[in-house]
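K.L.:
Those protein sequences? They're chains A and S, same order as listed. One gets our numbering by counting positions in the first sequence from 1 and adding 17 to each. One gets our numbering by counting positions in the second sequence from 1 and adding 48 to each.
Worth double-checking, as some hints may not be accurate.
[Unchecked claim] Below 27 angstroms or equal to it, Euclidean Cα-Cα: the simulated BS3-like pairs (lysine-lysine) are:
{"no.": "1", "chain 1": "S", "residue 1": "K160", "chain 2": "S", "residue 2": "K86"}
{"no.": "2", "chain 1": "A", "residue 1": "K28", "chain 2": "S", "residue 2": "K86"}
{"no.": "3", "chain 1": "S", "residue 1": "K108", "chain 2": "S", "residue 2": "K84"}
{"no.": "4", "chain 1": "S", "residue 1": "K86", "chain 2": "A", "residue 2": "K95"}
{"no.": "5", "chain 1": "S", "residue 1": "K160", "chain 2": "S", "residue 2": "K99"}
{"no.": "6", "chain 1": "A", "residue 1": "K95", "chain 2": "A", "residue 2": "K28"}
{"no.": "7", "chain 1": "A", "residue 1": "K32", "chain 2": "A", "residue 2": "K88"}
{"no.": "8", "chain 1": "S", "residue 1": "K84", "chain 2": "A", "residue 2": "K28"}
[Unchecked claim] Some residues of chain S that are not near chain A, with every Cβ distance over 10 angstroms (derived):
{"no.": "9", "residue": "G90"}
{"no.": "10", "residue": "P129"}
{"no.": "11", "residue": "K148"}
Keep in mind that the hints were calculated from the coordinates and are not lab data. Here a beta-carbon is modelled for each residue, glycine too, at the ideal position from N, C-alpha and C.
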Amino acid sequence: EAGVVQSPRYKIIEKKQPVAFWCNPISGHNTLYWYLQNLGQGPELLIRYENEEAVDDSQLPKDRFSAERLKGVDSTLKIQPAELGDSAVYLCASSRRGAGGTDTQYFGPGTRLTVL
Amino acid sequence: SQELEQSPQSLIVQEGKNLTINCTSSKTLYGLYWYKQKYGEGLIFLMMLQKGGEEKSHEKITAKLDEKKQQSSLHITASQPSHAGIYLCGAGDGSSNTGKLIFGQGTTLQVKP
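Using the sequences plus the hints, can you model the full thing?
P.N.:
And the structure:
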């Protein structure tokens, strides 16, 4: 079974430029998560989807961040414009079920973003 | 809001030695996950504990959740260089179980050959 796929693995951009990250979850997993991980810290949830619905986006900075999961499978996270403080690792995870079950989240390799 | 505190923050051990990493929660734990992360890579799922007093093992790694469900420990027996990495504990956000995970800050383990 293929794991969570993310691309690109690395991205270097200048501040004020836009950037997008892509994630393809494990087949059959209806719940998808985007996390932000700063150096030396644990991941922090940005947004959670159940199928195509964003059920928790309370931690997503909506002035510059956006996400979509149009067909309930793969997802895109966008930053526009990027700021220096956005430099971090962006992790995507998926699980089989949503709320109501303690289902394990499986993570992709992440995208390491550097904003210059 | 719930917080997870891991100790120690970093650890250097000689190959073959045993070690323990602790994860303490500010609230009752409703599902505690242990992950391992290599630098520059994603999180690899190790184990999940749910019941107070529960203990699980995989190869040389054992995780326990205490009876009061506010602390978990991860024990590695006879450490090997392949055990090196960052260990993270994660927990569900409460009895409502929305699916959101809160993570500790991680424990960095180095194993010297």
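K.L.:
Going through the earlier hints one by one, which of them does the structure break, listed in rising order?
P.N.:
Structure breaks hints 5, 7, 9 and 11.
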